[in-house]
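Residue numbers (the working numbering), protein chains in the order written: chain A, 157 to 470; chain B, 157 to 470.
These are calculated hints, taken from the structure and not from any lab test.
Check before you lean on any hint, since a few could be wrong.
With a cut-off of at most 25 Å between alpha-carbon atoms, the simulated SDA-like pairs for lysine to any residue come out as follows [unchecked claim]:
1) 362/A x 184/B
2) 461/A x 281/B
3) 449/A x 361/A
4) 461/B x 281/A
5) 402/B x 447/B
6) 429/B x 311/B
7) 362/A x 191/B
8) 260/B x 260/A
9) 267/B x 184/B
10) 260/A x 314/A
11) 461/B x 449/A
12) 429/B x 360/B
13) 446/A x 433/A
14) 461/B x 404/B
15) 449/A x 312/A
16) 336/B x 461/B
17) 362/A x 320/A
18) 362/B x 191/A
19) 461/A x 184/B
20) 362/A x 310/A
21) 461/A x 433/A
22) 446/A x 267/B
23) 362/B x 184/A
24) 260/A x 429/B
25) 362/A x 383/A
26) 446/B x 184/A
These are the residues of each chain, in order.
2 protein chains.
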Amino acid sequence: MPLKEKLLIERVRRAATVRGQRVGHGIGDDCAVLPLPRGHEALVTTDFSLEDVHFRREWHPPDSVGHRCLARGLSDIAAMGGIPRAAFLSLALPAELPQSWVDKFVAGLLKLASRFSVSLAGGDTAQSPDGILADIVVFGSVPAGQAILRSGTRPGDFLYITGTLGAAVAALNQLRDGEKLRPRSHPKHFYPEPRVAVGQFLREQKLASAMIDISDGLSTDLGHICEESGAGAVVYAEALPAASGKDGLTLALHGGDEYELLFTARPNRGIPKQIAGVPITRIGEITRGKQMKLVCFDGTQEVLKPGGWEHFGQ
Amino acid sequence: MPLKEKLLIERVRRAATVRGQRVGHGIGDDCAVLPLPRGHEALVTTDFSLEDVHFRREWHPPDSVGHRCLARGLSDIAAMGGIPRAAFLSLALPAELPQSWVDKFVAGLLKLASRFSVSLAGGDTAQSPDGILADIVVFGSVPAGQAILRSGTRPGDFLYITGTLGAAVAALNQLRDGEKLRPRSHPKHFYPEPRVAVGQFLREQKLASAMIDISDGLSTDLGHICEESGAGAVVYAEALPAASGKDGLTLALHGGDEYELLFTARPNRGIPKQIAGVPITRIGEITRGKQMKLVCFDGTQEVLKPGGWEHFGQ
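Based on the provided sequences and hints, a complete structural model is requested.
This is the structure in structure tokens:
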């Protein structure tokens with residue numbers, strides 16, 4: 157192994173040891189040993205962050221790449237109503253990558269991790285033949301039987317979304333058009349906030365019947381809920397918390413790269429207008445049949461098809 | 157996303173659904189939900205398998221790559237005395253890769269998984285710019301407080317190894333020399349057997365004080381036990397279950413890519429000569445101080461340094 161890669165690996169390890177909080181007692185052993193609270197089940201999610209697929213070195217500062225890498229996994233835990241506990245980072249790095257890039261990447265990831273009391277509990281490092289490849293595993297837990305699945309909704313349930321829609325993909329479109337953006341001015345794209353506290357509140361209060369994050373875009377992920385629950389849905393264009401006009405609507409419906417939570421609740425559940433500081437908006441309802449429909453601004457209905465959000469490298 | 161990649165992904169998913177056994181109830185959801193037996197802790201391990209680092213397409217048939225990929229993770233669970241429960245496969249594939257390669261890769265992985273009742277519970281798939289990249293996560297469990305760590309040994313403990321040493325790296329050297337090998341004739345390299353049953357027996361019977369797998373080579377991994385336990389060790393060359401002569405010794409001490417278990421036990425523990433059909437050999441003992449020593453065939457002692465096994469692509 158070239159010396160340079162060894163140094164990179166050492167630096168990742170050191171960063172994790174100094175700044176991560178330890179959970180369990182097997183860290184650095186063959187496996188991490190992770191205790192669960194009594195009566196909890198484990199949650200596991202894995203997500204790739206690949207250069208030129210999920211990020212570009214010329215667009216994204218390294219701390220944003222680290223933040224986004226972990227945010228994807230935290231958002232999956234949030235979408236189950238779970239408590240994130242530990243992360244595992246597997247990182248394949250090209251030999252020419254500057255150490256400063258890795259340092260900042262790890263710093264961005266650990267900053268987000270520490271805000272959610274998540275330890276970096278392990279991982280793997282290797283040299284990549286071409287491009288940066290990160291695979292993040294987030295381990296969490298949830299009281300047994302209480303995970304909020306995609307499959308729990310039924311006709312008549314109301315449909316809700318957290319936060320606002322479209323800003324992440326709007327920033328991405330600006331980058332694609334060659335604009336230079338100040339990352340801190342576009343946090344929805346560069347530093348998305350996983351809705352962990354909202355997910356936990358909905359689970360604790362038993363408010364949500366189904367939930368998903370909309371990292372693949374609202375229309376696609378609503379499709380997943382409908383499919384898993386054997387139901388249809390109607391969405392009201394004018395209810396969407398998005399920029400106005402047709403462009404705003406398209407970005408809100410089909411823009412991905414978004415870490416809001418889409419959830420359903422029985423109509424008699426009182427859903428707060430705001431949870432953990434995040435606005436909650438009712439945007440539609442679950443229907444019989446398997447079709448998704450959009451009620452347009454003029455009141456006409458059209459069929460809503462999954463928009464098929466793809467990452468920008470493909 | 158190109159159609160071809162979508163087909164590949166579909167095929168991986170279908171294979172996992174048809175042949176994997178389901179654990180938990182979140183599979184296909186944002187996270188897998190994995191129940192643990194009462195009083196157990198979770199074990200998590202992650203390992204990369206990268207083309208031209210851990211395998212070569214011209215050397216390794218795809219079912220061997222799939223087998224080796226999962227074996228690395230299962231061996232880490234074995235080294236804690238744990239019970240493997242579920243695996244997560246993240247796979248980045250180059251666009252030109254034939255579907256038949258992926259089918260056989262997945263078949264090799266699932267064949268090994270089903271032998272250990274391990275479900276393929278999730279993962280991620282993406283297109284790779286160059287080369288095949290797999291990241292395997294194995295999730296397991298162990299009764300709380302009973303995981304066998306690297307740090308539990310002390311001076312006076314005896315040192316044991318499972319199976320035999322050196323055959324895996326000997327086959328690798330033949331491949332490096334341009335020889336064609338029949339994979340089934342060299343199972344230690346192409347289809348290594350993780351020592352899961354041995355690890356569990358040692359844990360259940362409370363026989364082992366420390367344990368590690370020797371995927372990095374005996375000298376390096378013994379170094380990890382010594383370091384974590386704050387002790388030294390002596391190894392007897394003539395006790396090693398390896399081919400005779402100096403070459404056999406070097407392969408046994410420093411050859412990696414090996415999935416035997418190295419463990420220690422108090423001298424008063426009766427360690428069976430064979431566990432779960434695998435021979436167990438006493439090869440040395442743990443000493444005071446921090447040095448590792450080798451007692452050579454002629455009775456002289458020399459310092460044993462970690463051999464620094466590196467994967468063959470580096």
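Hint-by-hint comparison with the structure:
1. 362/A x 184/B: holds, 22 Å
2. 461/A x 281/B: This hinted pair holds, its Cα atoms lying about 23 Å apart.
3. 449/A x 361/A: The hint is violated at about 29 Å.
4. 461/B x 281/A: Within the cut-off at roughly 23 Å; holds.
5. 402/B x 447/B: holds, 22 Å
6. 429/B x 311/B: Satisfied, since the Cα-Cα distance of roughly 22 Å is no more than 25 Å.
7. 362/A x 191/B: holds, 20 Å
8. 260/B x 260/A: violated, 39 Å
9. 267/B x 184/B: holds, 21 Å
10. 260/A x 314/A: Violated, because 42 Å separates the two Cα atoms, which is more than 25 Å.
11. 461/B x 449/A: violated, 68 Å
12. 429/B x 360/B: holds, 17 Å
13. 446/A x 433/A: It is violated: about 34 Å lies between the C-alpha atoms, which goes past 25 Å.
14. 461/B x 404/B: holds, 17 Å
15. 449/A x 312/A: holds, 14 Å
16. 336/B x 461/B: This hinted pair is violated, its Cα atoms lying about 33 Å apart.
17. 362/A x 320/A: holds, 23 Å
18. 362/B x 191/A: OK: residue 362/B and residue 191/A at ~20 Å, within 25 Å.
19. 461/A x 184/B: Answer holds: residue 461/A to residue 184/B is near 20 Å, not above 25 Å.
20. 362/A x 310/A: Holds, at about 15 Å.
21. 461/A x 433/A: violated, 31 Å
22. 446/A x 267/B: violated, 37 Å
23. 362/B x 184/A: holds, 22 Å
24. 260/A x 429/B: Status violated; Cα separation ~51 Å.
25. 362/A x 383/A: holds, 22 Å
26. 446/B x 184/A: Measuring from Cα to Cα gives roughly 19 Å; hence the hint holds.
Comparing the model with each numbered hint stated earlier shows that hints 3, 8, 10, 11, 13, 16, 21, 22, 24 do not hold.
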